[in-house]
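Visitor: Heads up: the protein sequence lines correspond to chains P and U, in order. Quick note: the first sequence uses my numbering, first residue 1281, plus one each step. Quick note: the second sequence uses my numbering, first residue 2, plus one each step.
Treat the hints with care, since some could be wrong.
Unchecked claim - Chain U stretches covered by chain P per the calculated footprint, using a threshold of three residues with CB under 8 Å from any CB of chain P:
hint, segment
1, 43-53
2, 170-178
3, 397-411
If you are wondering where the hints come from, they were derived from the structure by calculation, not from laboratory data. Ideal placement from N, C-alpha and C gives every residue a C-beta, glycine not left out.
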Amino acid sequence: MKKTYLLMLLVLILNGAGAYAQTDVIPLKGTVTNHLGEALSRATVTAKEAAVSAVADNNGSYSISVPRTDTLIFSAAGYQEKRLPVITSGVMDVTLLPVDTKLDEVVVIGYGKQSRKFVTGAVTKAEIVKDIPNTSITQSLRGRVAGVQFTDNGRPGQNGTILIRGPRSLSAGNNPLIVVDGIIYNGILSDVNPNDIESLEILKDASASAIYGSRAANGVILITSRKGVSEKPAINVNTFTSTSSPGYKVKLLSPERYVQKILDARRELGQEADPEKVASYMAPNEAENYLAGRTVDPYDVATQKDAGIRSIDINMAGKTQRTNYFISASFADEKGIILNDRQKRTTFRINLENKITNWLTAGTNTMYGRRDFSGILPNLDFFYQLSPYATIYKEDGSPRQFVVDGENVAGNPMYNPYFRSNQQVQNNLFANFYAMLQAPFLKGLSYRINASPNVRWINSYNAVRQDTSLANNTKSASKSLTNYYDWMIENILNYNKQINAANHIDVTLLYSRNSQFSEATGANASLMSTDVLGWNNLGLGETQTVSSSAARIQGVSYMGRLNYRLLGRYLATFTIRRDGSSVFSENHKYATLPSAALSWIVSEERFIKNSPFVNLLKLRASYGAVGNQAISAYQSLSRIGTQRYVFGDGGTTSLAYYPSNMANSNLKWETTYSTNIGLDFEVLKGRIGGTVEYYYMKTKDLLVTRDLPRMTGFTSVWTNLGQVDNSGIEITLNTTNIRAKNFEWRSSFTFSSNKNRIVHLYGSDTNGDGKEDDDIGNKWFIGQPIYAYFDYVFDGIYQEGDTDIPAGYKPGYVRIKDVNGDGSITADDRTIIGQGQQPKVRWGLLNEFTYKGLTLSVFLNAMQGWISDFGLIGRGPVERSLNFIDYGWWTPENKSQTRPSLFHENKYGHNYYLSRDFVRIQDVALAYNFPKAILDRFKISNMKLIVAGKNLHTFTKWIGADPESGETARTSLYPMPRTVSVGLNLGF
Amino acid sequence: MKSYIIICIGCLLLFSCNKDAFLKEKPLSNLSPENVLTDFTGYENLITSLHYYTRDELTGDDVYRYFDMFTGTDLCTTGQLAVTQFVNYETYLTPATAAASRTYNWCYTSILPYANLIIEEASKPENASAFASEAQKNAVIAEAKFFRAYGHNILANLYGDICIMDRFYKEPKTDFVRSPRKDAYKLIAEDLEFASKWLPVTVAKNKEGRIVKGAADHLLAEAYISLGEYDKAIEAANRVINSGTYRLMTERFGVDKSKPGDVFSDLFIQGNQNRSTGNMESIWVWQFEEFTPGGGGSLNGNHQPRGWMPFMVQFTDPAGKLGFSLNKDTLLRGVAVMRPNPYFLYDLWLSDWDNDIRNSKYNLKREFWYNNPASAYFGKKVEARTTPLDTMQRLYPYVRKVEGKAWQSDVNNGRSGKDMIIYRLAETYLLRAEAYLRKGDKANAAASINVVRERAQAKPVLPADVTLDYILDERGRELMAEEPRKRTLCRMGMLVERVKKYNMKPETRNSVAEKHNLYPIPQGAIDANFSVKLEQNPGY
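So that you can see chain P by itself, here it is in the shape it has in the complex (with noise of 0.2 Å):
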């Protein structure tokens, strides 16, 4: 290869040059790249005897003297070592192979880092996706982590939710820990731009997490934002544009359906049904658009037609000898598919790290996040039960109050955005300052204060306007004001030594204090004399009213951690963490949480060393504690609640208090014990590899909201009970299928499985029966998952002319199975059918070809073994002008077996259940690199191009929006964005 440019020249002569003699030193230059052709920048080229090194610039691009005698060495993070003998024409073009090897990546585990090898814990480094347009953390990690269930509903700047392993707690948190640049962080993560993210670490046995102990029962996330990488100030430009479409649209009744949904009604109810007078059994309005043949879609009339996202990033980084920095600014506006669902986000972060002295580093990483939600959505119950013969406006243009005449039971969708303004801002300043000390008097010793404040706050601002043609007054605004102040320090000494051949030790030791603090002011006021100041003048209002609140957690942690490495091959991890915090009782402030993990690489084992086939085998195994205290303040105590009455006519307002929840002088925390044992591979130089891990879980005195029987004055009490189960295992394996001469085909698979089961609950046996109490109040059973659904078991429809139909039944309405056989109906045939919330499966494939700057992703996302109950399938008030699911009821001509009549009651209060498995073709994704020949003209360093579609088909038997995120009530049917996007990368 020729090369006509040299942008960049690092030569570093570290010692010795001098020796040789100036003739025999030659001046060299040349390329080096992949066998895809592309550049490797950074890559090292060193001469072998003359201890000479340079390294190579954005383009690959090198050049360096060297003796003529020498031999060169080409490196390259990732790729195999080559090594050359000096030509002396003085052009040396190299090509290096990767070699898929992981066992050189450095793994952040928390309190510090380490080489992936050495890792004793189950870590997964999470690929963050850099080829599809996202703007969440949580939408590029969808599907792609073993063990993790990444969840998301596609809606702009709404968190997904995230659960690793399973869910341990019943009714305490089961998000994980979220750690950014070591801090813990009780923000949300859509606060974080991906684009900064340098790594994502999950950390998912005890072992891994212990060392954040009471906080890390549910997993531990750790983030860890970029950084300066090359002294050459690196720039990058990112941005795309997309396009979102509804995924899929819930079926509602057509206009045709409609009609015979009121002929079927009408039939039902003994009423007159015929279908020339349908306009007669119809509200006056819609009778007018039926017979002028007018309908109205509310897909065409609630949605944004520019539904998609607009984004561009920004980041500069670079490094000088004492300083290392990384500037970003992002903006991004989303736009989802209901009207006026719209997230604008801004984010800055500067990282900047200084060395002051040979001994003293201090540095900063900071982030600010503005996330700007305003915007009044239509109310999606209207939404689905609009009429298809509404009127929707009047002929002034603004919107009816009520869609179709005299029905009140849905308002119209459009209405809250005509009458309706509001502002809702989320900031969110976190930052962290630390300095870290090397001690003088001691190598391997240093100390490092991390002093990291978290402002947050929320400003959510309403206004309603006049509505002109009601009599009453309906202006009203109102302010609220939220604020949270967290803040942490953390002392950290640590202590990294190879004290001889043998042996090597690192310990930390940890010593914390943090808090949380929010509180949150509100003020509302209505009958307002004028609309036109909208919520700035809030004394205009004549009721006013004000609230506030506030709540504070304290908490204190000590930790030790000590990893010992034996001959290289054998390690070992012990930890120790002593959690305080104010949520619990009196008694139980403080929990112990100790865990201990052994490794042992076998192939460094000499009789495997080395072998040809194998790079890597390592065996895992830890156990240890973990806890869970994802509970609010103040939830021990009991406390008293206040409402309001007016004595008398004319009368002021008395204060009232009543006790609003059952004090629990013993609550504690909440313990998982987690047993886990992994394996790591690397085989054929790292062209398979992957991890197989098993574990086993007890989560002891679990946190729950445990039901009452409401005999006791209360609906629920925090509470610790019993023990629950969770095991499963994960795959995650890694291949290069092919690799040709610029052509690679990758796939990535990861599986897993996780069985989730109740082992105590109270430990009574109070019926005497012999065997430990079932909760069936909380639908609780030893030996069924948590998420248990207990019901009555759907046996089909009574049709017309079976012999058995129940007294007060009819045909259409829904058979229940005698499940104990006793010939009738009761409270004991209901059973166990089935495990909502969490998939028995899940599992992701990602295949992804490269044919010379191309690159073709394809990701295949799938949980499977999950059912849901699907309450719009039942009666609804089916003889109103509403519209619904068409769900495909019974009548005497469709004898459904699977769907009750209009007008079936449902005597034994079942629910109707649907599978919530899906197979979904996630993400695809087409990104070329651009020849560095282009490039260099306009002195870009690189430039990619990017064609991405996301959830482009689902495969599901689901009804609802969406299975994945599995909302079953109509106000959280947002559609799932089918979204196209094209993006630009670019970086000089």
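Dock chain U against the given chain P, drawing on the hints supplied.
Guide: Same frame as chain P, now just chain U:
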């Protein structure tokens, strides 16, 4: 080795300090019992909650919890054709359905525990300093005991044997047992005797709505009837009737006294309910107050109009246009939850059709005029209709007691700002009549009833004609839309018999069965009480 020293220091740190003061929780914005149980204002505010949550039977649930007490009875059915509320007893009232648990859960998780907390805490010697005197303390306990009795009485009337709740539970409990209905009534009577002794006779205008002695005696009369202690029932009723505090109104009064109407309609004109307005027969009135925080309850306002009035906004004129338009003063949005049976609308009045003022046009609306200016029929009288939709759901005669002015002028929600009379002297007379009758004293029973009938200008009843059925009929005429009818019928064990006779819907008459004289215990309560099997009522 220095490293060992560091590790040792670290270990010391790990296991040191256990008693950190900063981990002690002090709620920043939540009140706790320690703050409120130590002064009189705290107790007053706790009492206020009892009023709030009692009124919430109506205002805390749109069209079910309170209205359940009327639908599917001898007097009422559901007007909306497709609504199933107590149309088919067999499918609507089962242990699994919400009909069984609405009232149950409301009583057990609000009135009863809140009353118990007050009774327990006010009685504690260490809280004595909150009260200026023993009498003041006892008045607080008395009001709480009234509500405890009120809640227990609702449960015992509907469910029969119940789990008596006589203490404030601080720990989970799953081994409740049902006590005999009679034991519940005994506790109710005890509580009310105490309440009667310590409650004030009347309260100041700015306290109207608070419980007075008369309310305790009124309920006590019912409780003694339930216990079969008729003399005590009569005595309790007499304490109200002869107190000199109350009298049946016989002259026009109140805000609209010079407008067309009669004394019976005056009782229910908005603004005429509290005693200070001149209404001398109201004993306990739920308060509503527009434009004032706390004046309306969870759903804001008195939604009697919504429940009782016909679905007139759907009614079309003969040309197919809407016949009615809502008006904040005269026409609120009814949704036809409760449509009176013909038995109430016609049979009950036959003997006194023209003279009984309770059947006057001021009290029972039977004629309607189109009021929609956009209708060609504006101002014309609505003609007779025959389809079920028109006659069951969209237009039917209704009792005008429920009328009121639109809550804060919003015509669309069917709620008013009118105070609601819960106990009225007329009912005390009818309770006394029932006690006399059950005791065998028909003459005095008739005399009690006739006080009520006389005011209504109805012909007196002859002692020989007084039966429990007659008393139920008279209660219907006098107290329609006031007494929660189902509770009365279940208390007397006459629900099934009366529904079979008088409900207008064949499906209701055919599906109601002997078991329905008591509600089923909610399956949720049986499931949650897993330590002891809570017996279900027979037949369910």
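Visitor: All hints are to be evaluated individually against the structure, with a verdict given for each.
Guide: Hint check:
no. : hint    : in the structure
1   : 43-53   : holds (count 8)
2   : 170-178 : holds (count 8)
3   : 397-411 : holds (count 4)
Comparing the model with each earlier hint shows no violations; every hint is respected.
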